[in-house]
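K.L.:
Position one of the sequence shown corresponds to residue 1 (the UniProt record's numbering), numbered consecutively onward.
Don't read these hints as lab results, they were simulated from the structure. Check before you lean on any hint, since a few could be wrong.
Claimed, not checked - Dumping the calculated DMTMM-like pairs for lysine to aspartate or glutamate here, alpha-carbon to alpha-carbon at most 20 Å:
{"hint": "1", "residue 1": "Lys42", "residue 2": "Glu4"}
{"hint": "2", "residue 1": "Lys42", "residue 2": "Glu30"}
{"hint": "3", "residue 1": "Lys42", "residue 2": "Glu81"}
{"hint": "4", "residue 1": "Lys198", "residue 2": "Glu4"}
{"hint": "5", "residue 1": "Lys11", "residue 2": "Glu30"}
{"hint": "6", "residue 1": "Lys16", "residue 2": "Glu36"}
{"hint": "7", "residue 1": "Lys145", "residue 2": "Glu81"}
{"hint": "8", "residue 1": "Lys11", "residue 2": "Glu36"}
{"hint": "9", "residue 1": "Lys145", "residue 2": "Glu208"}
{"hint": "10", "residue 1": "Lys125", "residue 2": "Asp35"}
{"hint": "11", "residue 1": "Lys136", "residue 2": "Glu208"}
{"hint": "12", "residue 1": "Lys125", "residue 2": "Glu179"}
{"hint": "13", "residue 1": "Lys16", "residue 2": "Asp35"}
{"hint": "14", "residue 1": "Lys198", "residue 2": "Glu86"}
{"hint": "15", "residue 1": "Lys42", "residue 2": "Asp3"}
{"hint": "16", "residue 1": "Lys209", "residue 2": "Asp3"}
{"hint": "17", "residue 1": "Lys125", "residue 2": "Asp59"}
{"hint": "18", "residue 1": "Lys16", "residue 2": "Asp92"}
{"hint": "19", "residue 1": "Lys16", "residue 2": "Asp59"}
{"hint": "20", "residue 1": "Lys145", "residue 2": "Asp59"}
{"hint": "21", "residue 1": "Lys11", "residue 2": "Asp113"}
{"hint": "22", "residue 1": "Lys198", "residue 2": "Asp3"}
{"hint": "23", "residue 1": "Lys209", "residue 2": "Asp113"}
{"hint": "24", "residue 1": "Lys11", "residue 2": "Asp92"}
{"hint": "25", "residue 1": "Lys136", "residue 2": "Asp92"}
{"hint": "26", "residue 1": "Lys198", "residue 2": "Glu185"}
{"hint": "27", "residue 1": "Lys136", "residue 2": "Glu81"}
{"hint": "28", "residue 1": "Lys209", "residue 2": "Glu4"}
{"hint": "29", "residue 1": "Lys125", "residue 2": "Glu181"}
{"hint": "30", "residue 1": "Lys209", "residue 2": "Glu17"}
{"hint": "31", "residue 1": "Lys125", "residue 2": "Glu81"}
{"hint": "32", "residue 1": "Lys125", "residue 2": "Glu151"}
{"hint": "33", "residue 1": "Lys136", "residue 2": "Asp83"}
{"hint": "34", "residue 1": "Lys11", "residue 2": "Asp59"}
{"hint": "35", "residue 1": "Lys136", "residue 2": "Asp113"}
{"hint": "36", "residue 1": "Lys16", "residue 2": "Glu30"}
{"hint": "37", "residue 1": "Lys42", "residue 2": "Asp59"}
{"hint": "38", "residue 1": "Lys125", "residue 2": "Asp113"}
{"hint": "39", "residue 1": "Lys11", "residue 2": "Asp35"}
Model, not experiment: these values are computed from the prediction.
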Amino acid sequence: MTDEIIIALPKGRILKEALPVLARVGITPEPAFSDENSRALKFSTNVPGIAVIRVRAFDVATFVAHGAAQLGIAGNDVLMEFDFSEIYAPVDLCIGRCRLSVAEPAEQAANDDPRSWSHVRIATKYPNITRQHFAKRGVQAECVKLNGAMELAPLLGLSSRIVDLVSTGVTLRENGLAEVEVITEISSRLIVNRAAFKTNPAVVPLVEKFRRAVADAAA
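My request is simple: use the sequences and hints to build the entire structure.
P.N.:
Okay, here's the thing in structure tokens:
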């Protein structure tokens with residue numbers, strides 16, 4: 001067993017915003033981390049005993065929940081979708097801001113009222129959040145699970161609507177879709193394995209460093 005602390009970081013857009021947060025905490029990954037040609041997934045840092053891994057955004061929560069990583073950075077969309085009891089999310093990092101929304105073809109949206117729906121067929125990679133959202137108002141949601149290219153679903157007749165992350169809305173508009181309902185606002189959180197939080201004495205001070213880094217950035 002090792003006392004090494006592993007921080008799981010998400011690939012993609014959030015990573016660019018997460019690295020400055022890590023820097024304010026005093027953690028800098030080794031140069032190979034920024035090498036786009038590197039096939040490595042685990043990297044050392046300038047802090048002895050702390051390493052980082054780079055995984056898919058949806059997998060960050062899984063690594064942390066099962067104790068393979070002690071900390072991670074994940075959007076609350078991921079946390080809501082999986083709802084792992086083993087995860088504690090003590091700090092909103094105030095990065096990766098966007099929203100989880102329902103969208104449909106623009107010509108359909110012009111004369112549509114979500115309050116009138118009784119049954120919807122929706123393409124999404126968030127089936128649990130989607131079903132729970134619509135169930136609260138008695139709407140049956142039939143979810144088609146996709147991991148990407150969500151905007152193609154209405155275009156090709158796979159579903160009449162989608163639920164996906166929206167930032168600027170440009171992708172929706174370019175694919176003839178319009179946002180009709182916001183399910184929830186999204187930001188990225190520092191997440192911690194609950195067992196590690198209780199048993200590893202180095203974890204709590206590290207969480208506090210993240211908390212201070214966010215507070216200092218907002219000041």
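K.L.:
State for each hint whether it applies.
P.N.:
Here is what the structure says about each hint:
1. For the suggested pair lysine 42 and glutamate 4, the alpha carbons sit about 12 Å apart, so the restraint of at most 20 Å is met.
2. Between lysine 42 and glutamate 30 the CA atoms are separated by roughly 10 Å; this keeps the pair inside 20 Å, and the hint holds.
3. Taking the CA atoms of lysine 42 and glutamate 81, the gap is about 26 Å. The hint is violated against a cut of 20 Å.
4. Taking the CA atoms of lysine 198 and glutamate 4, the gap is near 15 Å; set against the 20 Å cutoff, the hint holds.
5. For a cut-off of 20 Å, the pair hint linking lysine 11 to glutamate 30 stands: about 16 Å separates their Cα positions.
6. Simply put, lysine 16 and glutamate 36 have alpha-carbon atoms about 13 Å apart, close enough for the 20 Å limit, and the pair holds.
7. Only pairs whose Cα atoms come within 20 Å are accepted, and lysine 145 paired with glutamate 81 is accepted, the gap being roughly 13 Å.
8. Taking the CA atoms of lysine 11 and glutamate 36, the gap is about 12 Å. The hint holds against a cut of 20 Å.
9. Restraint check for lysine 145 and glutamate 208: the C-alpha separation of about 37 Å exceeds 20 Å, so the hint is violated.
10. For the hint pairing lysine 125 with aspartate 35, the CA-to-CA distance comes to about 29 Å; that exceeds 20 Å, so the pair is violated.
11. Restraint check: the Cα-Cα separation between lysine 136 and glutamate 208 comes to about 36 Å, which exceeds 20 Å; the hinted pair is violated.
12. This hinted pair checks out: lysine 125 and glutamate 179 have alpha carbons roughly 17 Å apart, not beyond 20 Å.
13. Restraint check for lysine 16 and aspartate 35: the C-alpha separation of about 14 Å stays at or below 20 Å, so the hint holds.
14. For a cut-off of 20 Å, the pair hint linking lysine 198 to glutamate 86 stands: about 12 Å separates their Cα positions.
15. With a C-alpha separation of about 16 Å, the suggested pair lysine 42 and aspartate 3 falls inside the 20 Å cut-off, and the hint holds.
16. Between lysine 209 and aspartate 3, the direct Cα distance comes to roughly 19 Å. Compliance with the 20 Å bound is thereby established for this hinted pair.
17. Distance hint between lysine 125 and aspartate 59 is fulfilled; the C-alpha atoms sit about 13 Å from each other, no more than 20 Å.
18. Restraint check for lysine 16 and aspartate 92: the C-alpha separation of about 16 Å stays at or below 20 Å, so the hint holds.
19. Restraint check: the Cα-Cα separation between lysine 16 and aspartate 59 comes to about 18 Å, which is no more than 20 Å; the hinted pair holds.
20. Straight-line distance between C-alpha atoms of lysine 145 and aspartate 59 comes to about 16 Å, which keeps the hinted pair within the 20 Å bound.
21. At most 20 Å may separate the alpha-carbon atoms for a hinted pair to count; lysine 11 and aspartate 113 exceed this at roughly 36 Å.
22. A threshold of 20 Å between alpha carbons decides the hint, and for lysine 198 with aspartate 3 the separation of about 14 Å falls inside it, so the pair holds.
23. Between lysine 209 and aspartate 113 the alpha-carbon distance is near 46 Å, which puts this suggested pair outside the 20 Å criterion.
24. For the hint linking lysine 11 to aspartate 92, the alpha-carbon distance of about 19 Å falls within 20 Å, and the restraint holds.
25. Only pairs whose Cα atoms come within 20 Å are accepted, and lysine 136 paired with aspartate 92 is rejected, the gap being roughly 26 Å.
26. Only pairs whose Cα atoms come within 20 Å are accepted, and lysine 198 paired with glutamate 185 is rejected, the gap being roughly 30 Å.
27. Distance hint between lysine 136 and glutamate 81 is fulfilled; the C-alpha atoms sit about 16 Å from each other, no more than 20 Å.
28. Restraint check for lysine 209 and glutamate 4: the C-alpha separation of about 17 Å stays at or below 20 Å, so the hint holds.
29. In summary, the hint linking lysine 125 to glutamate 181 is supported, as the alpha carbons are separated by about 17 Å, within the 20 Å threshold.
30. Restraint check: the Cα-Cα separation between lysine 209 and glutamate 17 comes to about 17 Å, which is no more than 20 Å; the hinted pair holds.
31. The hinted pair formed by lysine 125 and glutamate 81 meets the criterion: a straight-line CA distance of about 9 Å does not exceed 20 Å.
32. For a cut-off of 20 Å, the pair hint linking lysine 125 to glutamate 151 stands: about 12 Å separates their Cα positions.
33. With a CA separation close to 17 Å, the supplied pair lysine 136 and aspartate 83 stays within the 20 Å bound.
34. Straight-line distance between C-alpha atoms of lysine 11 and aspartate 59 comes to about 10 Å, which keeps the hinted pair within the 20 Å bound.
35. A threshold of 20 Å between alpha carbons decides the hint, and for lysine 136 with aspartate 113 the separation of about 17 Å falls inside it, so the pair holds.
36. Among the hinted pairs, lysine 16 with glutamate 30 is consistent with the structure: their alpha-carbon atoms are about 15 Å apart, no more than 20 Å.
37. For the hint linking lysine 42 to aspartate 59, the alpha-carbon distance of about 14 Å falls within 20 Å, and the restraint holds.
38. Our distance criterion of 20 Å between C-alpha atoms is broken by lysine 125 and aspartate 113, whose separation comes to about 23 Å.
39. Our distance criterion of 20 Å between C-alpha atoms is met by lysine 11 and aspartate 35, whose separation comes to about 13 Å.
Hint compliance for this structure: hints 3, 9, 10, 11, 21, 23, 25, 26 and 38 are broken, all remaining hints hold.
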